[in-house]
Amino acid sequence: MGGLLEVKDLSLSFGGIKALAGVGVAIAEGETLAVIGPNGSGKTSLFNCVTGIYRPVTGTITFKGESLLGLSPDAVTRRGVARTFQNLRLFLNMSVLDNLLVGRHLHFKKNLLHAALRMRSEEVRHRRRCEEIIEFLNLEPYRKSRVADCPFGVQKKIELGRALATEPRLLLLDEPVSGLTAEEKEEVSYWIHEVRGRFGITVLLVEHDLRVASRLANRMVALDHGVKIAEGTPAEVQRHPEVIRAYLGE
Amino acid sequence: MDLVESYRDDLRFARKPLTWILLGMLVAGLLALPWYAHASWVVRFTVIALYAIGVMGQNILIGYTGQISFGQAGFLAIGAYTFGHLKLLGVPFFLALLGAGLTAGLAGAVVGFPSIRLKGPYLAIATLGFGIAVYQIFANSEILSGGRSGLPVPKLEPAFGLTREVYVYYIYLGLLLAFTIVTYNLVSSYVGRAFVAIRDSDIAAEVMGVNLTRYKLLAFAVSSFYTGVHGGLFAQFLGHLEPQTFNIGESLTLFVAVIVGGLASVEGSILGAAFVILVPTLLSEYRWFVPVLFGLTILLVLIFEPLGLAGRWLKSRLYFQLWPFR
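Keeping their order, the protein sequence lines are chains A and B.
All residue numbers for the first sequence refer to numbering that gives the first Met the number 0, where the first residue is 0 and numbers rise by one.
All residue numbers for the second sequence refer to numbering that gives the first Met the number 0, where the first residue is 0 and numbers rise by one.
Same shape as in the complex, but just chain B (with noise of 0.2 Å):
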């Protein structure tokens, strides 16, 4: 029997015990990946973890505060180049990454500005514009890209006797995980709320007490300090930086992620920055096709499933705990 017997125990991460066995199985079936799949899986996996943040950050922005953005390539770039300068300062990784977050963040901050005057497509216009600007000030300035020969991010050093890839791997998914619990935390809390409302009704969430300069820029902080992170993991994986890594197509791919996996979703945000990892993987042969397919997949996806992969997923959930009645 599913029965709630106090407040709080309404609000935990996880009620039921069958939930907390699946959640335990997840976990430690992708824990033992590097012990059955081929390492190229490993390293496909790495990706899809560093991508998962960031396309949290961007569901953040987009599917909960309802604030479209075009820009995050440019937040994506800010990160990675913060991560990257800092690395070869001699930084260590976690508070380079700390910092390629926070820089991300403030810019997020004051890319918000606009928001709290335009709306919809005007500030989709407004972002995309800031992206722009950001790949052309990085794709100009040699003391900011490293010139012509790029930015080298010096790699990880492996502990523990396990391989480099298995070693990124852990961390990765470590830093998943916090991402996702966290996010799952703040979009239940009065902050995910006040997103929320703003994004269904901004006048009647400001009339409910919700200041919205305030919280539009929280959201916008929030989000891009998630791509800033996506960023500087990306930098550290690929290990080596070029402004044209960062172009619009790198913005356009967050939002197809965004879109598949699921607005307002957290697993959804998970299982859109698989699919658009994973699609390209598995089309190499074709990869002209990629986006084709990308957009066919966001009109096939906006008419038949507006809420995405997550939307599929609830409604698999809700026949099987229905069955065998229906």
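Here chain A stands alone, though its shape is the one from the complex (with noise of 0.2 Å):
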């Protein structure tokens, strides 16, 4: 298995408080894994730190072969990963559509001139592709409706398709079924199941909703204080007593 993004010995701190502590987590091209952990363990850290927004203290981040630490997120994204948020940052006063078409931005081919004269050739060529992303993720009447009118199911949607408008071959999800109803989790599970079928997407995720992530992943991570704690399948690692211990205490 050629790793797509290995993770070593990473640490970060805030001050006097250990946010992680040389953790190590390697993902294959084409896998779904599943970050667990209570409120506070270090999963969104970790995301920060793949995606450039922190500078961890220590450890190695590799991408493709090629390390990503010291870049800025737009060049890891360029790279190649994408991610969505736990709590929504959606561009709120564009259109749906043209939130889809930021997430276009790095495949532009930009030119000033072409920009102040409306030349909207490159426009109309991603405008292609996002349709497809509104069309696979059912957004057709939100096309043109701004973000901020739209239910909070709807934004989740957005933020995905936003995501996915990047051409990632990683795609990071925060807590991805977080606040929906059952039956907007279920739907957004089919996708991500279908982003990794569809667009050959591996994913990793942060999920609270243990039932949807171990449905979706083929492996499971475990994080408690910033410390790896199991790792295994989904089934090995919620039997795992450290795992428990963490949840429910001793």
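Worth flagging that the hints you see were computed from the coordinates, not collected in a lab.
The reader is advised that the hints may include incorrect statements.
Unchecked claim - Straight-line alpha carbon distances no greater than 30 Å define the calculated DSSO-like cross-link-like pairs of lysine-lysine that follow:
(1) B:K314 with A:K143
(2) A:K108 with A:K63
(3) A:K109 with B:K314
(4) A:K108 with B:K314
(5) B:K15 with A:K143
(6) B:K15 with A:K17
(7) A:K109 with A:K184
(8) A:K109 with A:K63
(9) A:K63 with A:K7
(10) A:K108 with A:K143
(11) A:K7 with A:K17
Here the structure is a predicted model, which means the values were calculated and not measured.
Got two chains here, separate frames each, mind docking them using the hints?
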């Protein structure tokens, strides 16, 4: 198995608090890996380190054999890593379509003169790609709506769509089903499954809903207080005594 | 029926024939202004036209990119004095104007550097400092400001048998139209989307592949280019430059125009410019009252119509589109 993303010995601290202490995670091409753990166990910090928002103190992050350390977030995205956010970070005053088009930004051939003179052949080309995503996620009724006016469930879909628009090789999903109704959870899990099948994207997933996580993931990693406490198949990890202790106490 | 048939159709400047007709009527009305309006109104509209260009630039920065700057008077001074000096060296009008814009744009890119680290009120303070510094430099340097008697700017020689006022009005109106069209094009392109993305959520914009440094500096450069051109046109209009013209009050007036006109709106910028020019002229008897009125208007606008005059305009348009059903 060729590792697509390899994180080794990653440490990050905020003052005296150790958010991550020597975490190592490897994800192979085409697999879905779920990261679980109680609140504050370092799941989102791990994401932020990989996407270049935080600079880890020690450790290495290799993606397709290339180090991601020290790169700015946009440079990380350009190399094929996309993510969604736990608390949605959409462009609220733009239309759904424009949000997706921002996701296409890095694929645009950029020419300031074309922009100023309304030469829009690039735009038309990328619009086609965005429409595919809109169709895939059933966002047609909301295409031109302002994102702030869309219901929460739809906003979650838009975030997924916007991340897909960057055409990533690796997709980091930060709690994709939190706050959704039972039906919406079903829907989103189906799409995450499809993302792998249809677009061939590797998925790294942070999720509190263990039912959804274990259904989607091939493998699971559990974190607690910034330390990896278990790794294996979803069933193994959920029965692991350390994991039970972390969630339920002694 | 309003039916979009292709992606390209969706990206047109104005789609419906009625929009083109109304736009044509508006432009024709402005072109015919010297025939039906008093000469003083031609001059007023000239000032509005030059002001609207600066307000548009300021709106690109504040309204679209969300970077608050109080240093506009600095860029205005840089543009005006560059234009004045170039004109004195015998450079033709349009080249001098381009020079004014580019110099101010370059200064803007440099002033934009703090925006990579600073946000919101902190950036506002940093840019405010820049505006005051530029004012002080011009006020204390005789070489730059032309000394005690100020810097004279050679007047434009009218052509085509027009009076000077009308000739200048047409040139300024033409420039305003060009800048308006370019601004509409720019804000609806990938550049405009990147600007709005930075305003709405800078972290998400960065994670989507927008290079924050590049686009923040670009916003500053573009915005100060507009302000530089505004400064050049202002210098040409005044015919005489003194540093006192570019004090902090000028930055605030531009700011008022953006808020009253409407954040992130091109047509709002023009309306805002008209507001800050027309109100002092109409209240010429009560000059002392103008700053009070500006302050009051900002409060009222922010409370009752956060989208400014452009928001009002949008709502009235919607009303007539739905009429008579509502």
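Comparing the hints with the structure gives:
1. A hinted pair counts as satisfied when its Cα atoms are at most 30 Å apart, and K314 of chain B with K143 of chain A qualifies at roughly 18 Å.
2. At most 30 Å may separate the alpha-carbon atoms for a hinted pair to count; K108 of chain A and K63 of chain A meet this at roughly 24 Å.
3. Pair hint K109 of chain A plus K314 of chain B does not hold up; C-alpha atoms about 35 Å apart against a cutoff of 30 Å.
4. Distance hint between K108 of chain A and K314 of chain B is unfulfilled; the C-alpha atoms sit about 36 Å from each other, more than 30 Å.
5. Restraint check for K15 of chain B and K143 of chain A: satisfied, since their Cα atoms lie roughly 18 Å apart, inside the 30 Å limit.
6. A threshold of 30 Å between alpha carbons decides the hint, and for K15 of chain B with K17 of chain A the separation of about 60 Å lies outside it, so the pair is violated.
7. In summary, the hint linking K109 of chain A to K184 of chain A is not supported, as the alpha carbons are separated by about 38 Å, beyond the 30 Å threshold.
8. Distance check on the hinted pair: K109 of chain A and K63 of chain A sit about 26 Å apart at the alpha-carbon level, within 30 Å; holds.
9. With a C-alpha separation of about 14 Å, the suggested pair K63 of chain A and K7 of chain A falls inside the 30 Å cut-off, and the hint holds.
10. Distance restraint check for K108 of chain A and K143 of chain A: the Cα-Cα separation of roughly 24 Å lies within the 30 Å cut-off, and the hinted pair is therefore satisfied.
11. The suggested pairing of K7 of chain A with K17 of chain A holds, with an alpha-carbon distance near 16 Å, which does not exceed 30 Å.
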